[in-house]
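Letter by letter, the chains look like this.
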Amino acid sequence: MTVLQERPAVLARRRSWLPRSAPLTVVAVGCVVLFALAGLLAPIVATHNPFAVSPQILQSPSGAHLLGTDELGKDIFSQLVHGARASLTIGLAAGLGSLLIGLVVGGIAGYAGGAVDSALMRVAEVFQILPAMIVALVIVAVIGRGTGLTALAVIVALWPQAARIVRGQYLQLRGAEFVDAARLARTPAWRIIAVEIFPVAFPPAGVQAALDVGRGMLLESSLSFLGLGDPNSASWGAVLRRAQPYLSEAWWFSVPAGLCVVLMVLSFNIIGDALGSSGTAGRRSL
Amino acid sequence: MTTTPRPTPQDPPPARETLALDGVSVLFRTGSGRRRQQVTAADEVDLTLRPGTITALVGESGSGKSTLGRVACGLQPPSAGTVRLDGAPVSGPGLGGAVQMIFQNPAASLNPKMTVGRILGHAARQAGTGRALVRDVVSAALTEVGIDPPDRYLDRHPHELSGGQQQRVAIARALLHRPRFLVADEPTSALDVSVRVQIIDLLRDVQARHGTGILFITHDLSVVRAIADRVAVVYLGRIVESGTAGEVFGSPSHPYTKALLGSTPSLTAAAEDAELLRGEPANAVERPTGCHFHPRCPIAEQPRCADHDPAPIVLDGTHTARCHLAGPSLAVADSNPVEARRTS
Amino acid sequence: MNAVDGGAVTASASVSVPAVVEVEGLRVTISPRGGRPVAPVQDVDLRIRRGEVVGLVGESGSGKTMLARAVAGLLAPGLRPRVEGRIHVLDRELGSASAAERRATLRTDLSYVFQDPNAHLNPTTRIGDQVAEVAVPNGNRVEDLFRSVGLPTTEEFARRYPHQLSGGMKQRVVIACALAKDPGVIIADEPTTALDVTIQAQVLRLLRDLATTREVGILLVSHDLAAIGQFCDSVAVMYAGRIVEEGPTSAILRTPRHPYTKALMGALFDIHTPEHRPVAIPGSVPALDDPPDGCRFGPRCGYRTEHCDDEPELIDVGPGRRSRCWNWERL
Chain A
20 MTVLQERPAV LARRRSWLPR SAPLTVVAVG CVVLFALAGL LAPIVATHNP FAVSPQILQS
80 PSGAHLLGTD ELGKDIFSQL VHGARASLTI GLAAGLGSLL IGLVVGGIAG YAGGAVDSAL
140 MRVAEVFQIL PAMIVALVIV AVIGRGTGLT ALAVIVALWP QAARIVRGQY LQLRGAEFVD
200 AARLARTPAW RIIAVEIFPV AFPPAGVQAA LDVGRGMLLE SSLSFLGLGD PNSASWGAVL
260 RRAQPYLSEA WWFSVPAGLC VVLMVLSFNI IGDALGSSGT AGRRSL
Chain B
58 MTTTPRPTPQ DPPPARETLA LDGVSVLFRT GSGRRRQQVT AADEVDLTLR PGTITALVGE
118 SGSGKSTLGR VACGLQPPSA GTVRLDGAPV SGPGLGGAVQ MIFQNPAASL NPKMTVGRIL
178 GHAARQAGTG RALVRDVVSA ALTEVGIDPP DRYLDRHPHE LSGGQQQRVA IARALLHRPR
238 FLVADEPTSA LDVSVRVQII DLLRDVQARH GTGILFITHD LSVVRAIADR VAVVYLGRIV
298 ESGTAGEVFG SPSHPYTKAL LGSTPSLTAA AEDAELLRGE PANAVERPTG CHFHPRCPIA
358 EQPRCADHDP APIVLDGTHT ARCHLAGPSL AVADSNPVEA RRTS
Chain C
9 MNAVDGGAVT ASASVSVPAV VEVEGLRVTI SPRGGRPVAP VQDVDLRIRR GEVVGLVGES
69 GSGKTMLARA VAGLLAPGLR PRVEGRIHVL DRELGSASAA ERRATLRTDL SYVFQDPNAH
129 LNPTTRIGDQ VAEVAVPNGN RVEDLFRSVG LPTTEEFARR YPHQLSGGMK QRVVIACALA
189 KDPGVIIADE PTTALDVTIQ AQVLRLLRDL ATTREVGILL VSHDLAAIGQ FCDSVAVMYA
249 GRIVEEGPTS AILRTPRHPY TKALMGALFD IHTPEHRPVA IPGSVPALDD PPDGCRFGPR
309 CGYRTEHCDD EPELIDVGPG RRSRCWNWER L
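From first to last, the protein sequence lines stand for chains A, B and C. With my numbering applied, the first sequence has no gaps in its numbers, which climb one by one up to 305 at the end. With my numbering applied, the second sequence has no gaps in its numbers, which climb one by one up to 401 at the end. With my numbering applied, the third sequence has no gaps in its numbers, which climb one by one up to 339 at the end.
In short, the hints are calculated from the structure, not lab data. Some hints could be false.
[Unchecked claim] What follows is a list of derived Cβ distance ranges for each label pair:
hint, chain 1, residue 1, chain 2, residue 2, range
1, A, V123, B, R188, 24 to 32 Å
2, B, R188, A, V145, 43 to 51 Å
3, B, S308, C, T37, 54 to 62 Å
Glycine is no exception: its CB is placed at the ideal position from the N, C-alpha and C atoms.
Next comes chain A alone, as it looks inside the complex (with noise of 0.2 Å):
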């Protein structure tokens, strides 16, 4: 057989995970970088222990204290370092853990199709329906409070739309005429949906667990700010909770840890848009 040379007309570019400028995104990315090394090395970033109480309270910042000191004395930079740990931990569990229930319970329900799908969307639309605030109000109230079951609480709260969108894109590839391929080959159904659609399905998947990264920050510090979180943590939202009463007269207490916030949501929603649209996730289906 006689071999001849052929090109593709046009050689797709390789494509790079971040779109290239973005100077948004790059920002975005150091923002995070910057609050996870701050969280990593707490101890040796923050300048105090961020549970000392001593009598200079409610001081405005100055030299001693970066950013003052709240109620008891404690120092609210040391404690913004810290609860960076908390803040980011919860935010990472949240958006692991809801895309590795989405990417299961969507990757079944949209592989399988029909009955399965019904049911399973049905549920994923009643934990949908119900506000996360209620979910966690629940957990909290039936078992207790502490990091691991705020984090849960989230993670409930967030997977349904997770699954929903892998089971979109599951929908979608599995009528794939490479499903179809992988059909004829014998390959059994769970090597279909791990192997061979996963990696196609799985962008969009990311591009939501990043945008649930920010929400369950978001969330957990909601969470706190109501006291349905650990007491325990030093996170932001418990020290929001905290300035709750001196709003008006220390704004160092409120103001930082509100940035703080802020900042983490805003850049983890600017990470999952640029992830969206830089081409790696493909078709979106929703």
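Dock chains B and C against chain A, hints included.
Below, chains B and C without anything else, positioned relative to chain A:
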């Protein structure tokens, strides 16, 4: 070369070595509630594939030809009827490894996230190749379909190949399973003219070398005329004419076949010569009564063609046509009168 | 630049028939984001007369759609296109016209029919209303238009929505819309590729008839040389951004005078000559950003000589015929 032994063309296959659709019907339900509709994609179709033979299934979109192709490779279970391999009923994707499929859109038939090497390696493993031999077997398969040198392509992703190369890789993947039959569903309609010939030649090559029986699904009669041994023309889920290529092209007997022939663009005939069909194809939800083709038929005789469903008439040898007015016999004994008329 | 006088001339058309589209020295450069600027259309002269159907044939990547869209002013802004050369539509020069003038000319005198009728039709509006929207201000009646494209003229039919029609019927509605403003030019970009063979022949014949009865100039863009051959007065064959051969259809199909045209014809299966074994064209279309030196078709050409290292111009090769090949006499 380390390919496993395959049936050689020298051994003439026994006549009963066939893949047969036996009275196959496929019904789809669409919509829900009051808008629920039933689509008849295939209606009691008999079709037989033989080794080393190219059988063309010709029809327009919505004729049900692709559905029949999916039934023939086990991807679509029939609503009624049986698929038989060597006489024994079979089912499931690939019909127990006997059938593979070549798809219309080569880009979509290859997993976009996997390299050529991985796609073919998986197929080789699935077909029982030992781990140590996979690379050699895959290289041999690529060489066989004209992708040379194979090493240069193993690490590429499908989007880094041209359409023709993608289709070659898809054919290589199918061949790794050593199928006895191949279903090729419009394998060239997404490709440029200059590449089309290469893929068709490759399929003929496969048929000749491995004695593979090929079901070639297409709307393009000019390709069918050039390569098919047998032809079946489908209209609204039914085979309206079938026979050897010589029989069907030599004396086309169903008016629909004649219309298809007349509409096929050609460099050697002026368009004015062709008699064109009136009207649009009816849809598979509300198929016309009697002969499904009668609303568009230039020679339909009322009321017979509108009321009576023609049975297949044997014209000559294996040549049959499903038309009241075809051939010498005009018998309507087998047809069933239909009370209510539902013209669309 | 070549003299326009040597352009496509229909064997039957007399020189006095006015041209509705005249393109001279057209070059389209696009600079997609993140890519180098490339020129998918170069050095193109094209002329369409009233009542004439001109076929523009080429494979994917030949630049035929880009050319058609450039004439119609429909290049996607995302490609950041730059159009050089002269484009006349009904004696108005579009290149130097203001954006508003250009839009006005294109809106009143030129219709574009896309491959996918769904891209044109509004799914939520009755088809009669869609056609009326263009027809009524131009003094046309929907009923007349439907009749001329072979659609039922009943009230019931006009009240249907696009989804209630088959693909062929939808494309007829699109053509009725295209006719509604009495344009001088219709550009049809692969109008039948999405349709079935039996319907394809109907629609192409309809376009052919409309050109004659309504004195419209039609540019029919297609990858299908056989379909073009049956319905066009003249043909322009495009390869790698250039017209490589043009002239009256029958003459070109009888004696192609460019190796690419010949190879393209040789690659087709033909229903009437099953004994003809099609031959693939070796190699592939050159990448836009990496064209070969000299003749663009040179690397794939069986007639190549040393002369072909210089890029050929379009030269006269017969009555109304031009070819971009040094060796056309050897074909």
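Hints, verified against the model:
no., hint, result
1, A:V123 to B:R188: 24 to 32 Å, "holds, 30 Å"
2, B:R188 to A:V145: 43 to 51 Å, "holds, 47 Å"
3, B:S308 to C:T37: 54 to 62 Å, "holds, 56 Å"
When each numbered hint is compared with the structure, no violation occurs for any of them.
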